[in-house]
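Protein chains: 2
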Amino acid sequence: MSNIQFSTDDQKVLESIMQHRRDVRGNRFIDQDVADEAIEQLLLAALHAPSVGFSQPWEFVLVRDSETKAQIAASFNEENDKAIAQFQDAKQKEYVRLKLEGIREAPVNIAVFYKPSLGPVLGQTSMEEVGRYSVVCAVQNMWLMARAMNIGMGWVSILDPQKVKTILGAPERNELIAYLCVGYVDEFLPRPELEILQWEKRKALQSVVYTEAYDK
Amino acid sequence: MSNIQFSTDDQKVLESIMQHRRDVRGNRFIDQDVADEAIEQLLLAALHAPSVGFSQPWEFVLVRDSETKAQIAASFNEENDKAIAQFQDAKQKEYVRLKLEGIREAPVNIAVFYKPSLGPVLGQTSMEEVGRYSVVCAVQNMWLMARAMNIGMGWVSILDPQKVKTILGAPERNELIAYLCVGYVDEFLPRPELEILQWEKRKALQSVVYTEAYDK
Numbered sequence: 047m048s049n050i051q052f053s054t055d056d057q058k059v060l061e062s063i064m065q066h067r068r069d070v071r072g073n074r075f076i077d078q079d080v081a082d083e084a085i086e087q088l089l090l091a092a093l094h095a096p097s098v099g100f101s102q103p104w105e106f107v108l109v110r111d112s113e114t115k116a117q118i119a120a121s122f123n124e125e126n127d128k129a130i131a132q133f134q135d136a137k138q139k140e141y142v143r144l145k146l147e148g149i150r151e152a153p154v155n156i157a158v159f160y161k162p163s164l165g166p167v168l169g170q171t172s173m174e175e176v177g178r179y180s181v182v183c184a185v186q187n188m189w190l191m192a193r194a195m196n197i198g199m200g201w202v203s204i205l206d207p208q209k210v211k212t213i214l215g216a217p218e219r220n221e222l223i224a225y226l227c228v229g230y231v232d233e234f235l236p237r238p239e240l241e242i243l244q245w246e247k248r249k250a251l252q253s254v255v256y257t258e259a260y261d262k
Numbered sequence: 047m048s049n050i051q052f053s054t055d056d057q058k059v060l061e062s063i064m065q066h067r068r069d070v071r072g073n074r075f076i077d078q079d080v081a082d083e084a085i086e087q088l089l090l091a092a093l094h095a096p097s098v099g100f101s102q103p104w105e106f107v108l109v110r111d112s113e114t115k116a117q118i119a120a121s122f123n124e125e126n127d128k129a130i131a132q133f134q135d136a137k138q139k140e141y142v143r144l145k146l147e148g149i150r151e152a153p154v155n156i157a158v159f160y161k162p163s164l165g166p167v168l169g170q171t172s173m174e175e176v177g178r179y180s181v182v183c184a185v186q187n188m189w190l191m192a193r194a195m196n197i198g199m200g201w202v203s204i205l206d207p208q209k210v211k212t213i214l215g216a217p218e219r220n221e222l223i224a225y226l227c228v229g230y231v232d233e234f235l236p237r238p239e240l241e242i243l244q245w246e247k248r249k250a251l252q253s254v255v256y257t258e259a260y261d262k
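For the protein sequence lines, the chains are A and B, in the order given. With the numbering used here, letter number 125 in the first sequence gets 171, and the count goes up by one each step, no holes. With the numbering used here, letter number 181 in the second sequence gets 227, and the count goes up by one each step, no holes.
Hints in this document: simulated from the structure, not taken from any laboratory. Please note: incorrect hints may appear among the correct ones.
Heads up, the list lumps identical chains together, so a pair's fine if it works in one copy or across two of them.
[Said to hold, decoys possible] Listed next, the in silico DMTMM-like pairs over lysine to aspartate or glutamate satisfying Cα-Cα at most 20 Å (straight line): (1) Lys58 with Glu125; (2) Lys115 with Asp56; (3) Lys209 with Glu233; (4) Lys161 with Glu175; (5) Lys58 with Glu86; (6) Lys249 with Asp111; (7) Lys211 with Asp261; (8) Lys139 with Glu113; (9) Lys247 with Glu258; (10) Lys137 with Asp206; (11) Lys137 with Glu86; (12) Lys161 with Glu221; (13) Lys145 with Asp77; (14) Lys58 with Asp77.
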């Protein structure tokens with residue numbers, strides 16, 4: 047079964063999904079619910095992500111309740127106010143104009159947690175952080191699957207992870223990895239919004255690839 | 047352009063790629079080189095990953111040199127010896143029988159680094175770790191693209207990241223995120239090897255999903 051050979055057409059489908067995936071914010075989500083079956087399809091994509099030592103150290107909290115969303119949004123507002131102060135002059139003026147989350151606009155929010163194992167995990171003994179990285183691989187699988195299903199997803203990282211844990215009643219040892227906003231959209235932008243706005247330039251391949259070592 | 051609607055056939059292609067992706071070790075790689083064009087296709091998939099504030103904080107070092115691979119493998123052996131001691135009894139006996147890397151067997155190794163920005167990054171002001179998570183998203187894009195191209199990839203995390211940095215001459219502020227082994231394979235296993243060997247059981251969806259909060 048797993049010796050299935052994928053075709054160049056399959057590669058092109060994957061490439062297209064990757065290229066058209068966007069980080070979606072609240073100004074794009076429309077008022078249309080996402081069915082439980084669709085959310086389950088996203089979660090099943092997550093469960094097929096790689097994980098160190100097959101530890102599958104992920105947990106997901108689905109949030110639809112508006113009171114919970116309001117509490118999360120309050121943490122965003124607080125953290126975003128602090129963030130604004132870190133940018134200067136023109137960049138700060140541009141920053142405040144950006145819509146950076148869709149917590150209340152998206153019908154479904156998904157908080158993704160890392161649940162550390164109690165014992166040693168194969169492959170995690172030298173680089174403890176790879177447990178968290180497994181959870182990130184699951185998030186990226188969800189993001190690609192969402193785009194393939196024509197569903198928008200946004201990752202909100204301007205949050206106090208401790209407050210999010212408290213709001214959601216997460217166990218003390220769990221760590222918040224990602225807070226995702228999920229819903230249908232009016233459009234997927236042709237390029238990343240921050241590229242369109244020239245906040246940052248797209249890096250060329252040759253500027254980030256080295257051969258054999260950094261020095262050579 | 048980005049308003050392209052993907053079909054259920056497209057979703058099925060993506061789902062199949064995700065389900066047939068494997069972590070590939072040295073007992074599966076065959077002696078067949080991977081063309082530069084194929085490696086470039088993997089790297090282009092990486093460059094289309096999401097990144098916090100469009101910071102694209104990734105750097106890649108391509109390694110084909112056998113002397114460099116031998117040095118990396120030496121770090122693996124040293125760290126793996128330490129790892130063995132962390133497992134007990136039957137688990138330890140099973141651990142030592144596993145082939146956990148393909149550093150020398152794979153024709154191409156790719157070290158993936160996180161290059162932190164010097165100034166503030168939009169979206170990274172409250173959770174600094176999301177810069178590293180962007181790099182992990184790039185790795186997962188590469189992994190899926192490799193499988194779509196019928197190329198195997200393995201992630202080696204039993205390494206001393208500081209030694210890898212020294213071997214590859216990485217700048218002090220860069221951090222090793224992943225060390226990847228890339229090459230053609232004799233077969234992709236039908237299920238993850240650690241699942242087949244019953245090292246860990248596959249988790250069911252309902253065991254990792256909560257609704258509204260952990261307590262409810």
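Structure-based check of all given hints:
no.: 1; hint: Lys58 with Glu125; verdict: neither (40 Å within a copy, 39 Å between copies)
no.: 2; hint: Lys115 with Asp56; verdict: neither (38 Å within a copy, 32 Å between copies)
no.: 3; hint: Lys209 with Glu233; verdict: neither (32 Å within a copy, 46 Å between copies)
no.: 4; hint: Lys161 with Glu175; verdict: both (12 Å within a copy, 16 Å between copies)
no.: 5; hint: Lys58 with Glu86; verdict: between (25 Å within a copy, 15 Å between copies)
no.: 6; hint: Lys249 with Asp111; verdict: neither (39 Å within a copy, 27 Å between copies)
no.: 7; hint: Lys211 with Asp261; verdict: between (43 Å within a copy, 12 Å between copies)
no.: 8; hint: Lys139 with Glu113; verdict: neither (31 Å within a copy, 52 Å between copies)
no.: 9; hint: Lys247 with Glu258; verdict: neither (27 Å within a copy, 38 Å between copies)
no.: 10; hint: Lys137 with Asp206; verdict: neither (23 Å within a copy, 39 Å between copies)
no.: 11; hint: Lys137 with Glu86; verdict: neither (39 Å within a copy, 34 Å between copies)
no.: 12; hint: Lys161 with Glu221; verdict: within (7 Å within a copy, 23 Å between copies)
no.: 13; hint: Lys145 with Asp77; verdict: within (17 Å within a copy, 51 Å between copies)
no.: 14; hint: Lys58 with Asp77; verdict: neither (32 Å within a copy, 27 Å between copies)
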